[in-house]
Structures are given as C-alpha cells and as structure tokens.
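For the record, the sequence lines run as chains Z and U.
When we follow the working numbering, the leftmost residue of the first sequence carries the number 1, and every step to the right adds one.
When we follow the working numbering, the leftmost residue of the second sequence carries the number 1, and every step to the right adds one.
Where hints are given, some of them may not hold.
[Unchecked claim] Below 30 Å or equal to it, Euclidean Cα-Cα: the simulated BS3-like pairs (lysine-lysine) are:
id	chain 1	residue 1	chain 2	residue 2
1	Z	LYS14	Z	LYS116
2	Z	LYS116	U	LYS447
3	Z	LYS183	U	LYS447
4	Z	LYS183	Z	LYS193
5	Z	LYS193	Z	LYS116
6	Z	LYS157	Z	LYS193
Bear in mind the hints are in silico, worked out from the structure with no lab data behind them.
All of these numbers come straight from a predicted model, not from anything done at the bench.
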Amino acid sequence: MTAPTPDTVDALLKANPALWRGGAMPAKESAVIPTGFAALDAALPGGGWPKVGIIEVLHTQHGLGELSLFLPALAAGSQRGPVAMIAPPQPLYAPALAQAGVALDALIWLATETDKDTAWALETALRSQACQLAIAWPGRLRPDAVRRLQVAASEGKTLGVLMRPDGRSAPNVHLRLRVERDKAGQCWATIDKARGSHARPNIALPC
Amino acid sequence: MLTNLAQADLFAPPEVAKPLPPGSAVAAIAPPRPPAPQNTLHKQWLCLHLAQLPLEVFPHFEPDDAVVVTQAAGPRVLVACVSPAVADQGVQAGMTASAAQGLVPGLQLCPRDERAEQRRLHWLARWASRFSSWVSVEPPNTLYLEVAGSARLFGDARELQRSLRAGLGAHGHSAQSAVAHTPRGALWLALHNTDAHPCIDKPEHLPGAISALPTAVLDLPPQRAHRLTRAGLRTLGDLLRMPRDGLARRYGQNLLQQLDQALGKAPQALPAFAPPQRFTANVDLPLPSAAVPRILPAAEHGLKQLCEHLRAHDRAVDRYICLLFHEGRPATRCAVGLRTASRSLPRLLQLLGEHLERQALPAEVVGLRIEALKLLPLAVNNRDWITPPGDDDWLATVERWQARLGDDAVRRLGTHADHRPERASTVNATDAGCWPQSLRPLYLLPKPSPLQVHNNLPIYGGPLTRLHGPERIEQGWWDGTDISRDYYILRDTRGARLWAYQDRRRLGWWLQGVFA
C-alpha cells in the first residue's frame with residue numbers, strides 16, 4: 001500500500017466535508033454540499049450547493065442534463081436520510097438512479113396532479129426537518145409561493161431544487177442556474193445568480 | 001397418624017407435572033424446599049371480590065335500602081345477595097325469599113340480572129386496566145390484577161389497593177380486596193377479611209396467613225364442606241397438617257389442588273382480560289356546519305376520547321373512520337389510514353384535517369362518529385418499507401402526503417432483476433437490489449412511443465445523432481412478452497439525449513427513455 005500523496009489528501013479533503021486536517025482549527029460544519037463536479041464546486045460560493053435554501057434550474061427542455069447535475073448530491077443525501085422527488089415530468093427509472101448511487105429505499109417519488117399540490121408537497125418536504133434534498137418540477141409558481149418555500153427550507157434546514165423547463169424564474173432564490181447544451185452535445189451550466197458572488201461563470205459539465 | 005406429616009411435605013413439588021399456562025401465577029414461584037427467599041420474579045396478585053355486585057348493578061341502589069336480590073332455584077325463590085341494612089336483621093344469602101320477608105317486613109325483592117352483572121364486571125375490568133397490564137375476570141364477581149409490575153407506580157401494593165378501592169367507591173362499588181403472591185391466596189384472604197384488606201408483602205408470610213383462614217373459604221360442594229367441619233377441620237392450617245393422600249381420598253383431589261394453588265405449588269391459569277376490539281364515540285356539533293374549521297373541534301373531542309381509550313388499554317390504531325352525519329342524507333364516510341399504529345392526538349387530528357379538506361361535503365354536518373374497528377398493540381418499532389429508518393418527522397410527512405394525495409401518489413422505486421427495461425423498475429414493491437451495468441435513462445416513458453423513420457433512420461424533430469449502441473436485449477420468450485430490440489442512445493438537434501430502440505421483430509423505431 002502506497003502512502004497517499006499530498007495531492008490525493010487535498011482531493012479527499014475537498015471531496016468530503018466530513019474530513020478535515022487534525023492540526024487545523026476545529027472543523028466548522030460545512031455550509032455546502034459538494035456538487036460532485038470539481039469545476040462547478042470551484043465556481044460556486046463556498047464550494048458547493050448551499051446546504052439550506054432554494055436552487056432554481058432553468059432549462060429550455062427536458063433531457064439536457066438538468067437532473068444529472070443533482071445526481072451526486074441526491075446520492076449523497078439519500079445515504080444520510082430521506083430525499084424526495086416531486087412531480088417529475090416522466091416516470092423515474094430506478095436502474096438509472098441506482099447506478100448513480102441513490103439509495104432507493106430513502107427516495108420518495110410523489111406524483112401530484114396539480115401545481116398547487118406540488119407546491120404544498122414540496123413545502124411539507126422542506127419543513128419536515130428530515131428531508132435531505134427535495135427536487136420538484138413545480139410548474140407555475142406565484143412569487144409568494146417561492147417566498148414560502150424559502151422560509152420552509154430555512155426552517156427545515158434543507159435544500160430544495162426547482163426545475164423550471166418553461167424558463168420562468170422567481171426573484172429571491174439563493175442560486176439560479178441555466179442548463180444548456182450546445183450543438184456538439186456539451187452540457188453547460190451558467191450561474192445566473194448566486195448569493196455571495198457576482199461572477200457569472202459558464203461551466204462545461206460532463207453530463 | 002394425623003400429626004406425623006412433616007411440614008416439608010407441603011413444599012414437595014406437585015405429583016403431576018403440568019405445563020405452565022401463560023401468565024400462570026406460579027410461573028416464577030415453584031419453590032424447592034424450603035421456600036425460596038425473596039425473588040424479584042415473584043408476581044403479586046390483587047384480588048377484588050365484589051360481593052355486593054348483584055345489588056350494585058341496580059341504578060338506584062343505596063346501602064341503607066332494605067333490599068335483597070333473589071334468584072329462582074327450581075320451584076323456590078332464594079335470596080342471592082343481601083344489602084348491609086338487612087344483613088343485620090338476620091337475612092342471609094340462601095334462605096327463601098318468603099322467609100326473608102318474614103324477618104324484614106317491607107323487604108324489597110329484586111330479581112337477579114346476571115347479564116347486567118357481567119357487563120358491569122367487564123366494564124370494571126376495563127377500568128382496572130389502568131392499574132395493571134394484566135387483569136383477569138372470574139365471573140360472577142371477582143377481578144384479579146397482577147400488581148408486581150405496576151405497584152411501584154402507585155407507591156406500593158398497599159397504596160395501589162387503596163387507590164383502587166377509592167376508585168371503585170367513586171363508581172358506587174364496594175369490594176373486599178387482598179394482595180398475595182398467588183391469585184387463590186389473594187381471593188381467600190379477601191373472602192375472609194371483609195374489612196381489613198390484607199396485603200402479604202413477602203412470599204414466606206403466605207403459608208402462615210393461609211393456615212389461619214377458615215375452611216369456609218374453600219370452593220367445595222356444600223355437603224363436602226359440611227363434612228370437613230364435622231371432622232373438626234376448621235382452619236386451612238388443620239388441613240395442611242393432614243396427610244395428603246388421606247385428604248385426597250376423603251375430600252377429593254380438588255381440595256388438594258386448591259390448597260396447592262393458594263400456596264403457589266400448583267399452577268393456576270388465569271386468562272388475561274382482552275379489552276374490546278373496537279371503539280366508537282359520537283359527538284354532536286353545537287351548530288350544523290359544512291366548514292372544516294367548525295367540524296374539526298368536534299372531531300378533536302371524539303379523537304381525544306379515542307386516544308384516552310387507547311392509552312388506558314395500551315393500544316394504538318393504524319386506521320380509523322370518521323362518519324359525518326347529515327340531516328336526511330346518508331352519512332359521509334372518511335377513512336383515515338396511518339403508516340404505523342399510533343395514539344397521538346395531534347397526528348390523528350392532522351390527518352383527519354387533511355382528509356376533510358379534500359372531502360366534498362354534500363350538506364351541513366350535524367354530528368360525527370369516530371370508529372376504530374381494530375385496536376392494535378402499540379409497537380414502538382413497527383416500521384414498514386416506506387419509512388427510512390429513524391425519523392418520525394419524515395413518517396408524519398409521508399402520512400400527510402398519503403392522506404392528501406392518495407396512496408398511489410406516494411411511490412417508492414425499486415429495481416427488479418429483469419433485462420426487459422420496462423420491467424427493471426418497480427413501484428411500491430420490494431427492491432431486488434440489482435440493476436444492469438450499461439447506461440440507463442433517468443426517465444422511462446410509460447409506453448414506448450413510435451419514432452418517424454426517414455431513409456431507414458429515426459427522426460425526432462430533426463435528425464438524430466447516434467451516441468452509443470446498439471445494445472441488444474432479447475428476453476422473455478417464456479412468458480409470451482418476449483422482446484428482441486437493439487437499443488441506442490441518440491441525440492436530437494436541441495441536445496437532448498434519448499434512449500430509443502429498433503424492434504427486430506416489428507421493424508420500427510421506438511422512443512423509450514430520456515437521459516436528463
């Protein structure tokens with residue numbers, strides 16, 4: 001067994017917020033969740049998805065990689081506790097989720113019939129104090145509904161992801177991303193808005 | 001010959017080894033000789049003997065009334081139970097009614113109502129369940145409570161006995177009671193000591209206390225009891241000094257068995273009282289209303305009774321029904337299901353609230369009924385598939401979803417060991433924990449949709465680019481749904497990645513999934 005080089009130690013420290021150097025200050029509880037994509041981590045304030053808050057993902061159609069973007073976080077969250085996916089546009093396929101490392105027994109898929117139910121279910125999931133990550137396709141949302149979701153996320157100390165395929169966006173979200181794909185099939189994530197950062201980087205993603 | 005029996009013989013194990021019934025009084029006793037010292041596994045039985053029950057079931061009975069309860073015995077009418085006021089004037093149970101009337105002019109006779117007695121005894125057993133987890137009913141008028149486990153919660157056994165009798169008094173009952181380490185011992189002490197309510201703390205004191213009791217406490221046919229007295233055997237101590245075989249020959253094996261049971265040397269099976277398996281509470285609304293905020297307080301009142309009932313009997317419900325009554329219309333039925341059994345009022349009430357908000361009420365509600373048809377034991381850890389381990393907040397959230405969105409809307413995914421893509425993913429079934437290694441899409445369409453073909457190539461809003469494939473899947477010949485397909489990962493002009501296949505049997509292209 002070879003000794004780990006400083007590079008791999010750094011990589012480990014970066015990848016896993018539960019690890020810290022023993023000589024350093026007492027580790028603060030990290031305020032972010034690693035995204036699973038190094039380039040994205042580097043571009044996001046704090047180095048990952050915020051642990052608490054609402055992320056909005058704008059995309060022009062389904063199937064651009066918008067969901068794969070959250071698979072590493074979903075997989076990590078499902079190992080820690082329950083996660084929810086609310087009103088996905090098509091039936092979710094278990095083998096793909098399992099391949100990504102999502103613990104299926106921790107995942108609940110809610111099939112709602114109306115946008116109102118979706119917003120309500122997402123709010124209850126966020127408020128539950130147990131949910132690690134909730135991803136929802138809310139359809140139409142009134143601005144005050146987004147505000148309610150934010151309060152729910154900060155009370156429940158959890159992260160909610162809103163998928164907006166219609167390109168609508170709400171003010172006051174913690175983080176807004178735009179997911180696109182160019183002609184060559186490369187997936188790009190643009191950080192439209194991030195609290196604590198003014199940069200608007202454009203990141204190529206392998207999804 | 002009468003005195004040469006060694007005391008030690010009394011503690012010899014019973015001749016016939018009997019399997020111990022569950023909850024038997026002597027499960028933990030069976031002492032070798034000499035009697036075991038204080039044993040923490042000892043049970044303690046509190047016996048309540050309600051001698052006045054036949055009188056007390058009459059709603060207007062007062063102890064000062066000159067009244068007796070009568071019972072027909074063939075052609076004669078005999079006195080079965082005597083009120084304290086007339087007992088002093090010489091009226092005794094067993095004499096004929098006419099003789100009693102001769103002694104006390106103006107004596108009131110009430111025919112015995114055994115069904116009311118039984119109902120009352122069961123009601124009291126339910127009531128007594130709050131003092132002990134093991135209550136046993138012995139008709140017509142005796143209750144046994146196992147109190148070793150619960151006495152500490154009330155101070156000690158004496159204190160518990162006092163609370164019990166005070167509670168009985170508040171309900172208009174008087175009881176003779178005693179505490180001992182065997183049920184029969186407790187019964188005999190209670191029968192003999194009408195007022196003292198003895199409490200035997202240590203098992204080694206029990207033989208002494210039993211020896212002092214008169215033979216009248218034995219449950220024997222009258223002639224046999226009379227023969228005992230004629231033989232000069234007046235106390236149980238006299239009997240215990242007799243040789244066992246002689247006693248059995250003259251007075252029956254039954255006498256020995258009763259003595260052994262009282263001393264804890266033979267088992268005595270006592271069936272546990274089972275509380276009724278259903279609960280119903282009716283509540284009227286102060287004003288008819290169709291508004292949920294007006295109905296919920298009434299429902300809360302009914303649910304509160306349900307929760308109290310459940311707590312008293314250490315039960316829980318995983319389903320209950322709320323019937324909403326309307327004037328001149330059939331009632332609206334609202335069934336509330338819980339993921340796991342519970343008796344928490346906020347949880348039951350919140351779920352009902354979710355249901356009522358979704359329920360269309362045809363008219364104003366005048367009253368409601370809460371029904372629980374099945375009361376379950378409350379298991380702390382009865383979780384099921386939908387509950388990730390260790391979180392009650394999540395459980396409550398999942399329940400609210402099920403209540404509002406319906407059971408079908410709350411889904412849990414699983415994998416299934418099948419190569420056919422549409423069968424590899426299951427909903428609300430057990431997870432097989434195995435999946436294919438090759439790339440699979442995150443969305444699978446409910447049904448494959450046919451793709452247009454141009455120059456033998458599929459198109460979907462434009463030409464499609466092949467990214468990966470073919471992956472051939474052929475399976476299912478054994479159940480008639482066999483497939484033979486070549487799967488491809490394709491990219492459409494806007495960049496979305498699709499999962500499509502060419503059917504080798506039907507010669508066409510089909511879109512089945514989307515990578516997202």
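Now the hints, each set against the structure:
The hinted pair formed by Z:LYS14 and Z:LYS116 fails the criterion: a straight-line CA distance of about 39 Å is larger than 30 Å. Using a Cα cut-off of 30 Å, the hinted pair Z:LYS116 and U:LYS447 holds, with the two alpha carbons roughly 27 Å apart. The straight-line distance between the Cα atoms of Z:LYS183 and U:LYS447 is roughly 29 Å, inside the 30 Å bound, and the hint therefore holds. Distance restraint check for Z:LYS183 and Z:LYS193: the Cα-Cα separation of roughly 25 Å lies within the 30 Å cut-off, and the hinted pair is therefore satisfied.
Our distance criterion of 30 Å between C-alpha atoms is met by Z:LYS193 and Z:LYS116, whose separation comes to about 26 Å. Straight-line distance between C-alpha atoms of Z:LYS157 and Z:LYS193 comes to about 21 Å, which keeps the hinted pair within the 30 Å bound.
Hint 1 alone, counting from the list given before, is not met by this structure.
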